[in-house]
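Residue numbers (my numbering), protein chains in the order written: chain U, 30 to 188; chain S, 30 to 188.
Derived by calculation from the structure, the hints in this document are not laboratory data. Being a predicted model, the structure only gives us computed values, none of them experimental. Among the hints, erroneous ones may be present.
A pair counts as met if it fits within one copy or between any two copies, since identical chains are not told apart.
[Said to hold, decoys possible] Heads up, simulated DSS-like pairs for lysine-lysine below, C-alpha to C-alpha not over 30 Å straight-line:
| no. | residue 1 | residue 2 |
| --- | --- | --- |
| 1 | K113 | K73 |
| 2 | K102 | K62 |
| 3 | K70 | K173 |
| 4 | K173 | K120 |
| 5 | K143 | K73 |
| 6 | K104 | K141 |
| 7 | K112 | K62 |
| 8 | K102 | K143 |
| 9 | K112 | K141 |
| 10 | K173 | K102 |
| 11 | K70 | K143 |
| 12 | K143 | K120 |
| 13 | K73 | K141 |
| 14 | K104 | K143 |
| 15 | K173 | K62 |
Number of protein chains: 2
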Amino acid sequence: MKHFIAAMFVMGFSLAQFSCSKPETFNEAEVRKSIEEACAKYSKAIQEGNLAGVLAEYTDDATAIPPDGEIIKGKQAIEELYKKFFQIGMKEIVFTTIEVGGSGDTAYEIGKTKVRIQPVGQAAIQDSTKYLVIWKRQPDDTWKVHVDIWNFSLPMAGK
Amino acid sequence: MKHFIAAMFVMGFSLAQFSCSKPETFNEAEVRKSIEEACAKYSKAIQEGNLAGVLAEYTDDATAIPPDGEIIKGKQAIEELYKKFFQIGMKEIVFTTIEVGGSGDTAYEIGKTKVRIQPVGQAAIQDSTKYLVIWKRQPDDTWKVHVDIWNFSLPMAGK
Numbered sequence: 030m031k032h033f034i035a036a037m038f039v040m041g042f043s044l045a046q047f048s049c050s051k052p053e054t055f056n057e058a059e060v061r062k063s064i065e066e067a068c069a070k071y072s073k074a075i076q077e078g079n080l081a082g083v084l085a086e087y088t089d090d091a092t093a094i095p096p097d098g099e100i101i102k103g104k105q106a107i108e109e110l111y112k113k114f115f116q117i118g119m120k121e122i123v124f125t126t127i128e129v130g131g132s133g134d135t136a137y138e139i140g141k142t143k144v145r146i147q148p149v150g151q152a153a154i155q156d157s158t159k160y161l162v163i164w165k166r167q168p169d170d171t172w173k174v175h176v177d178i179w180n181f182s183l184p185m186a187g188k
Numbered sequence: 030m031k032h033f034i035a036a037m038f039v040m041g042f043s044l045a046q047f048s049c050s051k052p053e054t055f056n057e058a059e060v061r062k063s064i065e066e067a068c069a070k071y072s073k074a075i076q077e078g079n080l081a082g083v084l085a086e087y088t089d090d091a092t093a094i095p096p097d098g099e100i101i102k103g104k105q106a107i108e109e110l111y112k113k114f115f116q117i118g119m120k121e122i123v124f125t126t127i128e129v130g131g132s133g134d135t136a137y138e139i140g141k142t143k144v145r146i147q148p149v150g151q152a153a154i155q156d157s158t159k160y161l162v163i164w165k166r167q168p169d170d171t172w173k174v175h176v177d178i179w180n181f182s183l184p185m186a187g188k
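Produce the complete structure using the sequences and hints provided.
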């Protein structure tokens, strides 16, 4: 009987561990792989001028914090931002992930981009940015951008 | 005896819950309060020109991503950054926390600052920034800055 009681104790313990294991699970390598896949989908959408494809990588209540304006909240506001980006001739964003960390359903990613902007009838402009993104794990185990902030790598005129 | 077995089962379950409860615990209101307290300590250190006080709010392997240069990693590099800030006359940073979220030991904070810079013998300059900070919970349940990125609110000349 003692063994039986011990077994019940262990079973209770194990069930409980199982029940709380998911929120604790944060496999950095796996999360990084998922984030890099999401970045690749985002890059492809930018190259195709596919606004819906870009927006699909953001959560519904995402926040974007662009360098040259106010904080932008919600998918509709982010859509307006990307419409402007496409209008000014944004053609390509290449991401390099530098660091991924986090816990539970929250990840952060530090990275760099190379951006190519080509306004109609003009030469292409190359730019570099650094960024920090908060990714949120979705019910299907993919990750979406929840907060997105970036700045430029070169000293700014007048600052 | 059945009651005893059930009790052992429940006890095992409860102990396990207790053992894994900490990483799951993320009380947004409590975390926000801790972060705002840390911001207040940071602000006080800035006003006092207290470099060690500012650095105490960062993790040892923290990253800073300033708008006008490269990504800066580690406390020593961050110390050099703040030495420059003090040299150019940074006198005050007032933080307004806008949103706090996260899970486990990882929190993010979206906020705004008002910055006052007063170079020696010159008039004070006021500036505004928006920022995203990754905070890491410490063993003593305080939170420290792990990643810090900001940009300016006004359009940048030449961008």
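Here's how the hints hold up against the structure:
no.	hint	result
1	K113 to K73	within (18 Å within a copy, 40 Å between copies)
2	K102 to K62	both (27 Å within a copy, 23 Å between copies)
3	K70 to K173	within (11 Å within a copy, 33 Å between copies)
4	K173 to K120	within (22 Å within a copy, 38 Å between copies)
5	K143 to K73	within (14 Å within a copy, 38 Å between copies)
6	K104 to K141	both (23 Å within a copy, 21 Å between copies)
7	K112 to K62	within (28 Å within a copy, 37 Å between copies)
8	K102 to K143	both (24 Å within a copy, 21 Å between copies)
9	K112 to K141	both (22 Å within a copy, 25 Å between copies)
10	K173 to K102	both (15 Å within a copy, 26 Å between copies)
11	K70 to K143	within (16 Å within a copy, 37 Å between copies)
12	K143 to K120	within (11 Å within a copy, 34 Å between copies)
13	K73 to K141	within (17 Å within a copy, 32 Å between copies)
14	K104 to K143	both (24 Å within a copy, 27 Å between copies)
15	K173 to K62	both (13 Å within a copy, 27 Å between copies)
Every hint from the earlier list agrees with this structure, and none is contradicted.
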